[in-house]
Amino acid sequence: MNSTQFLYVRALKVQNGDFVLAIEDLHIPTNECIAAIGHNGAGKTTLLLALAGLIRPTMLDLIVEGTPITNFRAFASLRQSITMLFQEPLLLNATVRENIELGLKFRKIPFKARMRKINHYAEMLGIAHLLNRFSHTLSAGEARRVSLARSFVLEPKLLLMDEPFSSLDNVARNAILDDISNILKNLSCSVFLVSHNREEILRLADRIVVLNNGRVIQEGKPSEIINNPADEFTASFMGIETILTGKVVHLLEGGFLVDIDGKTIEISGIAQQGETITFGIRPENIVISKEKKYKSSMRNSFVGKVCGIAHSATHVRISINCGFKLIAHITPHSFQELKLAEGNTVVAAFKATAIHIFKK
Amino acid sequence: MIMDFIADGIRKAYALAISFDRDVYEVVFVTLWVTFASTVVSAIIGIIFATIVSLNEFPGKTFVVSLVNTGMGLPPVLVGLFTTLLLWRGGVFGEFNILYTPLAIIIAQVFIATPMVCGISLSALQQVPKNFRLQIRALGASRIQMIITLYRQARIPLLAAIMAGYGSVISEVGAALMVGGNIKGSTRVLTTAIVMESSRGNFERAIAFGIILLVLSFAVNLILSRLQQKGH
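Heads up: the protein sequence lines correspond to chains A and B, in order.
So the first sequence is numbered by this note's numbering: it starts at 2 and just counts up by one.
So the second sequence is numbered by this note's numbering: it starts at -9 and just counts up by one.
Only chain A is shown next, with the shape it has when bound in the complex (with noise of 0.2 Å):
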C-alpha cells in the first residue's frame, strides 16, 4: 500500500435543500481503492459530485497532492485529472472510437498520441474490435467498457465511480473487475468507488468508508468493518443477516440476556439493566441440526420451522422461525444430508461470542 496521499479532506460541506452533506478527515491514499457505503440517500453520490468538482459545497477544505484547496475556482482548476464514471455509461451517439476520443479532444491532446492512448487502453478492456461500432449497437457489457474505456484512457489520479457496474450480469460484472485490477495495477491512479455489491467492493476496495445522513460514520479496512459493523445497514451490507432488538432481562458473569418475545438469547458483552439492545448474528454461525443431540459451548439453542431454502453456487440459506427470524448458511453438502425441506423443525444453535452488538 503507498502511504503518500493524493486527496486529504480536511472539512467538506454541501448543503442541497435539507439535506447536509458534511464529511472531515477523509484520506484518499495514491493508488487505494476507497469504497463508500450507505443507505440511499447517505449523501454518496452528493460527495461524488462534490468530489468530481461537479457541484459547488458550501465549504472546501481539501490537501490535494500536497496543495491546500479552499475554494472552489482553484479546485475546478483540478478537474483535468479527475474524473468520474455515472450508473449508465452515457455514451456519446457516435462511434466507440469517437467516445473513447472525446475527454482526450476536451485537452487538445494531438491525434497521434490520442490513437495510441484509445488503442492501449481499448485492448486492455477487450474491445479493440468495436473500435468502428456505433455505441446504440453494443451491448450492456461493452458499453460500460467502453466508458470505463473513456475514463481511463485520461489516465486521471483519481477516478470516482457511482455503482459502474450496478446494471451487469455476475459474468460480465466478474470479466470486468478483472480486467479493471490490472489496469489499476499499472496505473498511478486512487479510486473512489460508491457499490450496494459487496462482492464488489470486497474485490476492489483496499478501505471501506460508511455514510449515513451525509456523515462518515466508520472508516476501516474490509476485515475491520465486517467484524465490527457500526450500524445495522453496513452489518446487513456486509453480510450480517440476522439482525434482532430485544431487551436486557438479567445481567451475567461476562454478558447477558436478551428477551425477544418471550424467547431469550445469551450475548457475550457488557450492558445495562432494561437496556434496549440491537444485534447481529453471521449467517455462517448458525449451527442446524435435526435434534438437539448433545451439549455444547453454544449458549444459544432454539426449536423452529424452515420457512425459507434459497441455492446459490456456494451456500444454501435456510431461514428459520425461532418466534423471531434466523437466516442460516450452510454448506450443500449438509443440506443434503441433513435432507432439508420447508416445514421442517430443526434446531438453531449460536454462541455468545459469535453475536455482535451495535453500539447505538
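Quick caveat, the hints were computed from the structure, so don't treat them as lab data.
Just to be clear, a hint being listed does not mean it is correct.
[As the list claims (entries may be wrong)] Cut-off 30 Å, straight-line C-alpha distance, at most; resulting in silico cross-link-like pairs (DSSO-like, lysine-lysine):
{"#": "1", "chain 1": "A", "residue 1": "K186", "chain 2": "A", "residue 2": "K109"}
{"#": "2", "chain 1": "A", "residue 1": "K326", "chain 2": "A", "residue 2": "K264"}
{"#": "3", "chain 1": "A", "residue 1": "K118", "chain 2": "B", "residue 2": "K220"}
{"#": "4", "chain 1": "A", "residue 1": "K118", "chain 2": "B", "residue 2": "K120"}
{"#": "5", "chain 1": "B", "residue 1": "K220", "chain 2": "A", "residue 2": "K14"}
{"#": "6", "chain 1": "B", "residue 1": "K220", "chain 2": "A", "residue 2": "K109"}
{"#": "7", "chain 1": "B", "residue 1": "K220", "chain 2": "A", "residue 2": "K113"}
Position chain B against the provided structure of chain A, taking the given hints into account.
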C-alpha cells in the same frame, strides 16, 4: 377537370423551369433568400434561447416554456399585423423604411419560426439526461465544450427543429403578403405568387409555382435529413 389542371400544372412547372423565365427565377430566388435568411436567424436565436432555458433553473421557467409553446401556434397573419405596425411609417421602426422589402418578410418570418425552433429545441435538449451533461463535464469539458457536445448528442431533434422552422416559413403566405406586398422582382415569393395567380384564374401557373415550392421544400429537407440521419 381537376386532374387536367394538375397535369397542365406539372407540364407548366417543367416548362417554366427549363425556360429560364426571368419572372419565375426572380420569385424562386427571393423565396430562397428570404426563407434561408429567416431560417438561419430563427435557428440561431431559437437554439441559443432553448439552451439557456434548458440548462438553467430560474423562477418563472415554466411560464417562459409555456410562452414558447404558445408561440409555436401563432397565426402568421397576426405576426404580419404586428410586424406591419412595427415597421409602419408611424411605427417604432418606421424611419428605417423596411416595410415592403425582403427584410420585412425576413423579420416577420423570424417571429413565426423562432418559437417553433425554440420549442422543439427545448424538448430536444431537455430529453438528454442531466447526468449526460455532468458526465461530459467530468471528462474535462468546459461549459462551451459541454454545450457543443450536447448539440451533437441531440442533433437529430435539433435538425428536426430547424426543418420545422424552415417548413413554417417557406409555406407561409399571410405575413409575407402583409409586410412584403407581393411586389414583382422584390418581395414576390412563391406563396404570394400562388395566391396572386389563383386570384387571377391562372390555375396552371399557380399549380406550377406550387410544384416548384414543393420541390424546393423537399430539396432542402432532403439535405437536412441526410445531415440528421448521418451515422444513425
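Hints, one by one, checked against the model:
no.	hint	verdict
1	A:K186 / A:K109	27 Å, holds
2	A:K326 / A:K264	12 Å, holds
3	A:K118 / B:K220	27 Å, holds
4	A:K118 / B:K120	28 Å, holds
5	B:K220 / A:K14	46 Å, violated
6	B:K220 / A:K109	25 Å, holds
7	B:K220 / A:K113	26 Å, holds
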